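Undergrad: Spelled out from the first residue to the last, the chains are:
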Amino acid sequence: MSERNGSVRIGVYVCHCGFNIASVIDVEAVAQASLALPGVVVARDYKYMCSEPGQTLIENDIREHRLNRIVVAACSPLLHEETFRSAAARAGINRFRVQMVNVREHGAWVHEDSAAATEKANDLVRAAVARVHFHKELDPKRVPINSNVLVVGAGIAGIHAAITVANSGKRVYLVEREPTIGGNMAKYDKTFPTLDCAACILTPKMNAVRSHPNITMWTYSEVAEVEGYVGNYKVKVRRKPRYIKEDLCVGCLHCVDACVFKDPRFPDDFNMGMDKRKPIYLPFAQATPKVVVIDPEACIQLKTGKCKQACAAACERGGVSFDMTEEIKEIEVGSIIVATGFAPFDATQAPEYGYGVYPNVYTTMEIERLVNASGPTGGHVVMRDGTTPKSIGVIYCVGSRDERHNRWCSRVCCMTALKLSHLLKEHTNAEVYNFYIDMRAAGKGYEEFYQRILNERVHFIRGKVAEVCDWALDPSEEGKLVIRVEDTLTGFVRRVPVDMVVLAIGLEPRADAQEVRRIMNMSCSTEGFFLEKHPKLAPAPTYTDGVFIAGCCQGPKDIPDTVMQSGYAAAEAMALADIGYFEIEPNTASVIEEDCSGCRSCVDLCAYHAITFNEVKRKAEINPVLCKGCGVCVASCPSGSIRQDLFEDEEIFGEIEGILARV
Amino acid sequence: MAPDKSQQSDGYLYFPGCSLKATGIAYEESLLTLFRLLELPLKELTDWNCCGATTYMGSDQRQAFLLASRNLSLARQAGGASIVAPCNACYLTLRKTMDYAAKYPEVGREVHQYLDSVHLPTLDEPVTVRHPLEVLYTDVGLERLKAGVVRTWAGGPVACYYGCQAVRPYSDVDRDSNPMRMDEMLNAVGVKTVPYALKTKCCGASHTGTIREVGVRLSYILVREAARQGAKAIVTICPLCQFNLDLFQTDMRKTDPALQPVPVLYVTQVLAWMLGAAAKDLGVQRCVAGADAIRGWFSAEKGALSHV
Numbered sequence: 097m098s099e100r101n102g103s104v105r106i107g108v109y110v111c112h113c114g115f116n117i118a119s120v121i122d123v124e125a126v127a128q129a130s131l132a133l134p135g136v137v138v139a140r141d142y143k144y145m146c147s148e149p150g151q152t153l154i155e156n157d158i159r160e161h162r163l164n165r166i167v168v169a170a171c172s173p174l175l176h177e178e179t180f181r182s183a184a185a186r187a188g189i190n191r192f193r194v195q196m197v198n199v200r201e202h203g204a205w206v207h208e209d210s211a212a213a214t215e216k217a218n219d220l221v222r223a224a225v226a227r228v229h230f231h232k233e234l235d236p237k238r239v240p241i242n243s244n245v246l247v248v249g250a251g252i253a254g255i256h257a258a259i260t261v262a263n264s265g266k267r268v269y270l271v272e273r274e275p276t277i278g279g280n281m282a283k284y285d286k287t288f289p290t291l292d293c294a295a296c297i298l299t300p301k302m303n304a305v306r307s308h309p310n311i312t313m314w315t316y317s318e319v320a321e322v323e324g325y326v327g328n329y330k331v332k333v334r335r336k337p338r339y340i341k342e343d344l345c346v347g348c349l350h351c352v353d354a355c356v357f358k359d360p361r362f363p364d365d366f367n368m369g370m371d372k373r374k375p376i377y378l379p380f381a382q383a384t385p386k387v388v389v390i391d392p393e394a395c396i397q398l399k400t401g402k403c404k405q406a407c408a409a410a411c412e413r414g415g416v417s418f419d420m421t422e423e424i425k426e427i428e429v430g431s432i433i434v435a436t437g438f439a440p441f442d443a444t445q446a447p448e449y450g451y452g453v454y455p456n457v458y459t460t461m462e463i464e465r466l467v468n469a470s471g472p473t474g475g476h477v478v479m480r481d482g483t484t485p486k487s488i489g490v491i492y493c494v495g496s497r498d499e500r501h502n503r504w505c506s507r508v509c510c511m512t513a514l515k516l517s518h519l520l521k522e523h524t525n526a527e528v529y530n531f532y533i534d535m536r537a538a539g540k541g542y543e544e545f546y547q548r549i550l551n552e553r554v555h556f557i558r559g560k561v562a563e564v565c566d567w568a569l570d571p572s573e574e575g576k577l578v579i580r581v582e583d584t585l586t587g588f589v590r591r592v593p594v595d596m597v598v599l600a601i602g603l604e605p606r607a608d609a610q611e612v613r614r615i616m617n618m619s620c621s622t623e624g625f626f627l628e629k630h631p632k633l634a635p636a637p638t639y640t641d642g643v644f645i646a647g648c649c650q651g652p653k654d655i656p657d658t659v660m661q662s663g664y665a666a667a668e669a670m671a672l673a674d675i676g677y678f679e680i681e682p683n684t685a686s687v688i689e690e691d692c693s694g695c696r697s698c699v700d701l702c703a704y705h706a707i708t709f710n711e712v713k714r715k716a717e718i719n720p721v722l723c724k725g726c727g728v729c730v731a732s733c734p735s736g737s738i739r740q741d742l743f744e745d746e747e748i749f750g751e752i753e754g755i756l757a758r759v
Numbered sequence: 003m004a005p006d007k008s009q010q011s012d013g014y015l016y017f018p019g020c021s022l023k024a025t026g027i028a029y030e031e032s033l034l035t036l037f038r039l040l041e042l043p044l045k046e047l048t049d050w051n052c053c054g055a056t057t058y059m060g061s062d063q064r065q066a067f068l069l070a071s072r073n074l075s076l077a078r079q080a081g082g083a084s085i086v087a088p089c090n091a092c093y094l095t096l097r098k099t100m101d102y103a104a105k106y107p108e109v110g111r112e113v114h115q116y117l118d119s120v121h122l123p124t125l126d127e128p129v130t131v132r133h134p135l136e137v138l139y140t141d142v143g144l145e146r147l148k149a150g151v152v153r154t155w156a157g158g159p160v161a162c163y164y165g166c167q168a169v170r171p172y173s174d175v176d177r178d179s180n181p182m183r184m185d186e187m188l189n190a191v192g193v194k195t196v197p198y199a200l201k202t203k204c205c206g207a208s209h210t211g212t213i214r215e216v217g218v219r220l221s222y223i224l225v226r227e228a229a230r231q232g233a234k235a236i237v238t239i240c241p242l243c244q245f246n247l248d249l250f251q252t253d254m255r256k257t258d259p260a261l262q263p264v265p266v267l268y269v270t271q272v273l274a275w276m277l278g279a280a281a282k283d284l285g286v287q288r289c290v291a292g293a294d295a296i297r298g299w300f301s302a303e304k305g306a307l308s309h310v
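Taken in order, these protein sequences are the chains called A and B. Per our numbering, the very first residue in the first sequence carries number 97; after that it's consecutive. Per our numbering, the very first residue in the second sequence carries number 3; after that it's consecutive.
Just so you know, these hints were derived from the structure itself, not from any lab. Note that the structure is predicted; figures quoted are calculated from it, not measured. Keep in mind that a hint or two might mislead.
Keeping only pairs whose Cα atoms sit at most 27 angstroms apart, straight-line, the calculated BS3-like set for lysine-lysine is [claimed, not checked]:
no., chain 1, residue 1, chain 2, residue 2
1, B, Lys194, A, Lys576
2, A, Lys341, A, Lys399
3, B, Lys148, B, Lys105
4, A, Lys386, A, Lys341
5, A, Lys560, B, Lys203
6, A, Lys576, B, Lys45
7, B, Lys45, B, Lys282
8, A, Lys425, A, Lys332
9, A, Lys283, A, Lys540
Selected chain A positions facing chain B (in silico; Cβ < 10 angstroms) [said to hold, decoys possible]:
no., residue
10, Glu215
11, Leu344
12, Val453
13, Glu563
14, Cys565
15, Asp566
16, Trp567
Computed Cβ-Cβ distance ranges for the label pairs, DEER-style [claimed, not checked]:
no., chain 1, residue 1, chain 2, residue 2, range
17, A, Gln445, B, Ser84, 25 to 33 angstroms
18, B, Lys105, A, Arg739, 44 to 52 angstroms
19, A, Leu756, B, Thr130, 20 to 28 angstroms
20, A, Arg591, B, Thr257, 33 to 41 angstroms
21, A, His630, B, Lys105, 50 to 58 angstroms
Cβ atoms here follow ideal geometry from the backbone N, Cα and C, with glycine treated the same way.
So that you can see chain A by itself, here it is in the shape it has in the complex:
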């Protein structure tokens, strides 16, 4: 079999990995045994094959013994395949004529019987030697990269990523669904643990986005379609009609004053529905762009066509346009950063806490607005019944760490609840009771913040609250909300009557996460957050090359972590744009056209949408850029007309013959 590719000259290198491999496997014997195999010219063992001298050893052998194929028995190819391929390339061998054998993770680390493990290593080396005979000289394919970057979602994650990329000189398209950028952070009052005001640190960045020459900001817009592949994405962005000409509006709000609705009467989403707005409105004072928007569900003109259009008359610049329609923008980008954020847990899903039943039960998101100077009450903590609370209960872990809802810890709620406890105490001087399961204050300055709140005469009761109810056992509870809880530190079941209850709601994936996942061709983890390529070493890249994730769409996280991850995603996007091309491992599949019967069975099987059907030729075609080399189409093709580089039949059969050839 060896002569098909000319004179095959193989070098076999067995690594000790210190004691990692050598303590279980007789590495010297494995090297010796391989010398007997067809084509093997030289075989060695060495303490650290990946080290500089180890690599030099291989390079020198290649030159001296005129080797043209290399087998390295060492660790997982995930770790060092690239190392040995580069060494081979430096010495003049095609990098794909290197085959690795994993005798560490698949050998020494999982076996105790030395003799058997050594025998297994021999088998695997034999298989690799037999296989590498057939390795062809291959070249990695290169795809040019468009340097434009699309950022989806303009909360703090998207804003930070957009500014970072734009600062490097690349063009950024920032697409935001809401009429303003800012996301959830714009709603927060202060930020833990420093208590600096969220608006003070966010609005300068919102301004920077608006005025940045390299950022095209499209608010009230959604990504409708993504086609293409890394470096070459064609994206359609749907710009919803806001019925206001963005270039004309200066945010003077004369139109809002003029609206035929004299009083605001529609729920104000920015204030979590606790305030009212008109059909024509600016979401909040620092909204960016400072452009009003008309709500088609509320506007009389848009609903019935029968309004005197006082808003249009009031606009001196003629900015109101009721016949505006949806617009599709088509752009080309090289990479995409998805930063679509989270959804707050719907507190009505935990009916035992009475949200939506008792008016004085609030969520932490609502309290953020209630303590905010620009909130619905101007920063005065006044409850829905008009009174100021004298006692407040804050319930932690609502919707999180709960088998009935979400199993995960939402990570930010403990600190948010502590922060709001502090603010509520400051605003009302009420007695504040915190009901927590475990206090999770892991972050720079967080434990110190917790200690600070502990000394602010705020009460802490450790226990999962059973329910919030209004049934009184004695007169002191009449008219109060009673929190029933087992205090696990004292071992008593307690009833704590309070005026106001605050639910520290968790973070969960947005309702349309699956839809976004589909558009971006990403994966989701079981809980529905977007899946990163590696949980530790690649937490921003995804399995789709050129698509990165940042912020809470990947999992619950606080603002510092969000900013770090979005900066990292930006760096990855910039690296792609700067190098200008993307190199693809040549382990891709291709169709042998004359054999393809045009049955299309492969088309739907491909998880990466890499296979299309050419209607003219009546043949399947595989886009090598999208192909991930999984081999599903190769195995399933009824006519055997799909082949795959590095996984040719002869290579696989060679490997099998090798492993079965134990003497």
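Given chain A, put chain B in place with the hints provided.
TA: Below, chain B alone, put in the same frame as chain A:
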């Protein structure tokens, strides 16, 4: 043994349990009357025994499982794919046995060995355990109940009390938090219900018979809160709940003399009455607290066939 589907369409296999033949006999009387009115044949399981009981479950779980499994197996032998257990404790014990026998191999093994030894069919073919509340809600439905109403309710708003075992840990009868099906059915026949946060709180259970002050205290909380919410009666679906809330009101009055009598009825009594049953077939004379009021509500003149 293959399940006989025709048995199901013919009617329901009924497991009374000990209470419905004794302290809770009014429940049986009204249940049989209601099902007759709705033309749902109810056939009592032959040779049934103690359900296994929640208290027994706490002292000897194995024996409790075996007792329950015999009833389930008898149902299977009678060709039933399901069994209707009106008492919440029976319902839960049978339901739990079915679940554990399927879920935990060691329980399943014991149960099957026992059933084999007494020559009864094993539980490989599951028997669905049902509560009348769920049967009425699912198989009859609000529309049919509404259509059958021939009376107006003279008794004022009521509090629906579901008890602790009907919806927990299994939530097939209704959802575990703030269940509403009994409320919906009573509303459908023209009986107003009040918001009642204690719907699934403990009634005191058998504590009224062992540590009476603990049991009565728990029952008292339920009765007082119902009155506080403006309910003129409490409507139940469990014989032990009815017993505790009804019979201990005299004891409750020792610590709270201001507590007015609150009648405690079965949902089957109220539904059957609204659909035209005669009071004598509903056992309402057996309810103790507020007996005079009950007599008034369930008298022919008061509930006159209003709109017919």
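Undergrad: Taking the hints in turn, state whether each one holds.
TA: Going through the hints against the structure:
{"no.": "1", "hint": "Lys194(B) <-> Lys576(A)", "verdict": "holds, 26 angstroms"}
{"no.": "2", "hint": "Lys341(A) <-> Lys399(A)", "verdict": "holds, 20 angstroms"}
{"no.": "3", "hint": "Lys148(B) <-> Lys105(B)", "verdict": "violated, 40 angstroms"}
{"no.": "4", "hint": "Lys386(A) <-> Lys341(A)", "verdict": "holds, 12 angstroms"}
{"no.": "5", "hint": "Lys560(A) <-> Lys203(B)", "verdict": "holds, 18 angstroms"}
{"no.": "6", "hint": "Lys576(A) <-> Lys45(B)", "verdict": "violated, 49 angstroms"}
{"no.": "7", "hint": "Lys45(B) <-> Lys282(B)", "verdict": "holds, 22 angstroms"}
{"no.": "8", "hint": "Lys425(A) <-> Lys332(A)", "verdict": "holds, 6 angstroms"}
{"no.": "9", "hint": "Lys283(A) <-> Lys540(A)", "verdict": "holds, 23 angstroms"}
{"no.": "10", "hint": "Glu215", "verdict": "violated, 39 angstroms"}
{"no.": "11", "hint": "Leu344", "verdict": "violated, 52 angstroms"}
{"no.": "12", "hint": "Val453", "verdict": "holds, 8 angstroms"}
{"no.": "13", "hint": "Glu563", "verdict": "holds, 8 angstroms"}
{"no.": "14", "hint": "Cys565", "verdict": "holds, 5 angstroms"}
{"no.": "15", "hint": "Asp566", "verdict": "holds, 7 angstroms"}
{"no.": "16", "hint": "Trp567", "verdict": "holds, 5 angstroms"}
{"no.": "17", "hint": "Gln445(A) <-> Ser84(B): 25 to 33 angstroms", "verdict": "holds, 31 angstroms"}
{"no.": "18", "hint": "Lys105(B) <-> Arg739(A): 44 to 52 angstroms", "verdict": "holds, 49 angstroms"}
{"no.": "19", "hint": "Leu756(A) <-> Thr130(B): 20 to 28 angstroms", "verdict": "violated, 54 angstroms"}
{"no.": "20", "hint": "Arg591(A) <-> Thr257(B): 33 to 41 angstroms", "verdict": "violated, 18 angstroms"}
{"no.": "21", "hint": "His630(A) <-> Lys105(B): 50 to 58 angstroms", "verdict": "violated, 37 angstroms"}
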